[in-house]
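Kindly generate the complete structure, drawing on both the sequences and the hints.
Residue numbers (the working numbering), protein chains in the order written: chain A, 1 to 447; chain B, 1 to 469.
No lab work stands behind these hints: they were computed from the structure.
C-beta: ideal position from N, C-alpha, C; glycine also.
Don't take each hint at face value.
Pair ranges (Cβ atoms, derived) [what the hints assert, rightly or not]:
id, chain 1, residue 1, chain 2, residue 2, range
1, B, 316, A, 302, 42 to 48 Å
2, B, 125, A, 72, 44 to 50 Å
3, A, 242, B, 316, 54 to 60 Å
4, A, 169, B, 368, 17 to 23 Å
5, A, 79, B, 2, 38 to 44 Å
6, B, 368, A, 183, 30 to 36 Å
7, A, 183, B, 125, 50 to 56 Å
8, B, 129, A, 58, 54 to 60 Å
Footprint (simulated), chain A over chain B, 3 or more residues, beta carbon under 8 Å [stated by the list, open to error]:
id, region
9, 334-344
10, 391-403
11, 417-431
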Amino acid sequence: MSIEFRLPELGENITEAEVAEVLVKEGDQIEVDQAAMELETEKAVVELPCPHAGIVTKVHVAEGDTIKVGAIILTIDDSATAPAKTVSAEETSDDSTATAVAQAETPAVEPKRPAATAAVNSAPSTTSQQPAEPAREMAPKLDEQDDGPPPPAGPATRQMARRLGVDLRLVSGTGRSGRITQEDVEAHVRDRLSTTDSGGGIRTAPALPDFTQFGPVERRRLSKLNRTAADQLSTSWQVIPHVTQHELANITELETVRKRFMQTVGKGGPKVTVTAIVLKTCAQLLSEMPHVNSSLDAEAGELVLKQYYHIGVAVDTEHGLVVPVIRDADEKSILDIAEELTELAELARDRKLKLEQMQGATFTITNLGGIGGTSFTPIVNYPEVAILGLSRASRQPVLVDGELQERLMMPLSLSYDHRVINGADAARFVVRLSALLAQPFGLLANV
Amino acid sequence: MLDTDIVVLGGGPGGYPAAFAAADFGMDVTLVDDGIKPGGVCLHRGCIPSKALLHAARLINETKESSEWGITFPAPTIDVDRLRAWKQSVVEQLTGGIEGLCKSRNVNLIRARGRFVDSHSLELRSADGERQRLNFKTAVIASGSSPVIPGPLRVDDPRVVDSTGALELETIPDRLLVIGGGYIGLEMGTVYAALGTKVTVVEMTAGLLPGADRDLVRPLKQRLDSQFEAILLKTKVEKLVPGDNGITVELSGENAPESATFDRVLIAVGRFPNSGDLGLENTKVEVDERGFIKVDDKRRTSESHLLAIGDVAGEPMLAHKATYEAKIAIGALAGEPVAFDPYAIPAVVFTDPELAWCGLTETEAKAEGRKVDTFRFPWAASGRAHTLGRTEGITKLIADPDSQRVLGMGVVGTGAGELIAEGVLAIEMGALLRDVADTIHAHPTMSESIMESAEGLLGHATHVFRKKR
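Have a look at this one:
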């Protein structure tokens with residue numbers, strides 16, 4: 001029997017992926033859960049396991065293709081093996097109507113964007129509600145106009161705008177007498193898309209000059225991961241009013257104790273890093289200051305207070321930055337966390353992280369201490385509201401009761417969403433964090 | 001028990017284009033219509049037969065007017081039966097054509113009345129009483145509308161008729177009372193007056209054609225004043241009393257006699273949507289206080305697989321609006337990015353002179369408190385109008401003072417119905433006055449009056465020297 005393996009749901013808001021590498025070829029025998037290919041999604045590169053066993057009779061995609069959820073990837077002949085379990089992917093799209101409808105509305109479904117592009121998407125958001133709800137907007141009266149006549153675009157152009165999800169009121173017409181032509185709609189869409197890629201958003205980045213007039217250049221294509229990160233950073237930067245609260249934490253005793261502990265652990269044991277300790281401490285602090293563990297629903301005017309503590313840790317890999325998440329950090333010991341961190345970092349570097357392992361974070365820690373630097377202003381990972389940056393601890397002379405002593409001071413930099421967290425609370429957070437780190441026993445008692 | 005993917009309920013100018021569009025998209029479609037042949041009210045007892053008779057009326061009237069040009073006709077001999085037969089042959093030609101198109105397009109045509117049993121099946125009742133079930137995935141309700149007969153006027157007498165009865169042209173009555181000064185009443189009045197009947201029109205409001213701008217109605221009223229026996233405005237019919245001499249009518253109004261007797265009475269006070277007997281209570285479809293089925297901009301009702309188009313789905317109750325909606329509904333089912341968003345819908349009154357308008361009317365602009373520029377081009381300034389001997393007409397354009405966008409057009413005069421198309425297109429395309437004024441219009445035609453109206457709004461109509469309003 002011939003089975004179609006279609007791209008399954010990949011996770012929240014992810015509707016498509018780029019094929020990074022195809023791992024099977026036609027004629028191969030494939031086992032259940034064997035990796036069929038590597039996909040690059042907005043979040044990271046993932047391996048796609050195939051739930052069917054059999055002979056691959058057709059590979060429908062190639063490296064570099066962008067495929068949508070529900071698209072067919074492989075055709076497998078399983079006649080030699082037991083019937084494979086049904087894949088939920090088979091229900092994700094009925095090609096003829098669903099994709100036609102999907103094409104009729106906004107082409108790219110990406111995480112919620114800042115206000116400017118919201119206007120562009122306002123047209124399809126009403127039309128895309130397929131299931132019947134009596135609350136659905138009934139046909140507006142013909143003479144209901146905003147201010148003056150409707151946009152000067154003929155029926156064909158209006159249809160095109162509808163298809164592309166363009167609000168004609170935002171398009172400038174270059175046709176005769178200011179009429180909006182189909183070319184104008186196309187130019188508008190092109191302009192919007194290119195604005196997104198360059199990391200603009202509300203403000204369009206002006207066109208780049210021709211750099212070759214100054215000297216030779218080389219163009220390198222950014223990976224999907226990089227492009228998505230750029231988008232995400234743009235969103236965070238534009239939507240969140242950032243303030244960074246700096247502090248120096250005295251980790252002299254902590255570091256001494258930690259080193260001693262590591263000596264007893266031995267080779268096979270968990271590597272208890274400062275990051276792991278700070279992570280556990282933050283979990284404690286987040287439970288004391290719940291609004292730092294929240295997301296802002298600006299539209300509803302509500303703060304979404306999370307009753308769980310999943311902390312993301314930024315990991316630098318050669319492919320780019322990934323942020324695996326330690327779930328329920330409040331329930332895990334520092335040892336557990338340390339072990340998990342080591343695991344996740346390895347998976348991240350091998351590009352084997354699963355999507356669930358990168359989702360759901362309520363707070364993020366980013367440690368550049370291994371590399372150096374005195375402090376930095378990290379960018380909050382929207383839709384979280386705070387991020388803690390750690391820089392390299394350094395030996396500093398400190399006056400204690402008139403006496404000069406040596407201390408190991410680690411810079412903390414807490415960037416936060418000032419709409420949700422005020423300065424006083426941010427200061428309290430870092431001061432408390434610093435206090436807990438300064439007294440290892442205190443840490444033990446509190447955390 | 002039958003099954004179909006899409007059922008279209010009603011085969012009028014909404015239903016049959018919907019069925020054809022669905023078939024063209026390759027959908028499995030069944031058209032349920034209770035007429036002998038499809039075509040609905042429009043083809044059988046509305047638009048088509050009335051226009052055929054109006055054409056005859058026009059001819060008769062022209063033969064009277066031509067004596068002014070030295071061509072005198074004696075009074076015509078009118079063979080009512082033959083006239084009726086011709087009208088009927090026009091109807092049959094067209095409805096037969098629709099039936100033929102159903103066959104060639106593979107539309108399953110069922111002659112029956114349908115009622116919803118639930119949201120996924122209809123009970124079909126054919127003329128001989130047979131019933132069967134039709135299960136469907138999607139339904140497009142195009143059940144149309146029916147004439148309103150107000151309570152006090154409900155009289156069981158064959159001499160009191162609605163538009164259907166009037167079109168049957170059973171006889172040419174001596175005296176006809178037309179209750180209602182809207183387009184149906186005036187069109188039918190025009191036909192009978194041409195055939196020799198003494199026509200009296202009674203209208204409740206202060207003027208004929210309540211929806212139209214007054215300046216467009218004026219030339220028509222002047223002409224009708226000479227063709228009709230009487231036009232009684234601000235007058236109401238209180239009672240109809242059938243008698244041997246005719247129907248005695250009790251009237252109330254400042255200019256009306258207390259009572260008068262007529263051989264025939266035509267009730268043409270309006271139409272109501274056919275939503276009451278569809279079994280909609282067995283579905284989640286919502287209907288408003290006037291009986292119109294509530295729909296969104298894709299013509300979907302409260303149950304998204306049930307759509308409604310045409311007269312049953314709201315105003316204006318016009319055949320071309322129904323046809324447009326048919327395209328929207330089927331386009332929506334096919335997944336196209338359609339929406340009901342016309343910038344202008346034309347309305348035509350086929351009296352002589354014809355009236356036609358589209359877009360914003362001066363009456364609407366005034367009611368909205370909206371500032372507009374208007375220019376009226378008098379047909380007396382048109383060469384073509386003179387060659388037709390019909391200079392009573394007016395063409396006007398309404399524009400936005402700031403952007404100079406064409407917002408509305410109105411015409412009264414012979415052939416207004418054809419002229420209005422340019423106005424609709426101009427508004428749909430977002431035309432500015434300059435676009436219309438600088439487009440070459442053939443000479444000598446009445447279409448030039450549209451160009452000159454635009455020129456007039458720009459301050460320089462060739463044949464009219466006047467400041468714009």
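Results of checking the hints against the structure:
Checking the proposed 42 to 48 Å range against residue 316/B and residue 302/A shows it holds: the Cβ atoms sit about 44 Å from each other. At about 47 Å, the beta-carbon gap between residue 125/B and residue 72/A stays in the expected band of 44 to 50 Å. The hint said 54 to 60 Å for the Cβ distance between residue 242/A and residue 316/B, and at roughly 55 Å that hint holds. Roughly 20 Å separates the CB atoms of residue 169/A and residue 368/B, a value that falls within the hinted 17 to 23 Å.
With their beta carbons about 39 Å apart, residue 79/A and residue 2/B fall inside the hinted range of 38 to 44 Å. Separation of residue 368/B from residue 183/A is about 34 Å and conforms to the stated range, judged on CB atoms against 30 to 36 Å. Remark: the range hint 50 to 56 Å for residue 183/A to residue 125/B is upheld by a beta-carbon distance near 54 Å. Here the CB-CB span from residue 129/B to residue 58/A is close to 57 Å, well matched to the stated 54 to 60 Å.
With a threshold of 8 Å between beta carbons, the proposed coverage of the region 334-344 of chain B by chain A holds, since 10 of its residues qualify and at least three are required. Interface restraint, the region 391-403 of chain B with chain A: holds (3 residues with C-beta to C-beta distance below 8 Å; minimum three). Here the region 417-431 of chain B counts 4 residues with a CB under 8 Å from a CB of chain A, which clears the bar of 3, and the coverage holds.
Taken one by one, the earlier hints all hold for this structure without exception.
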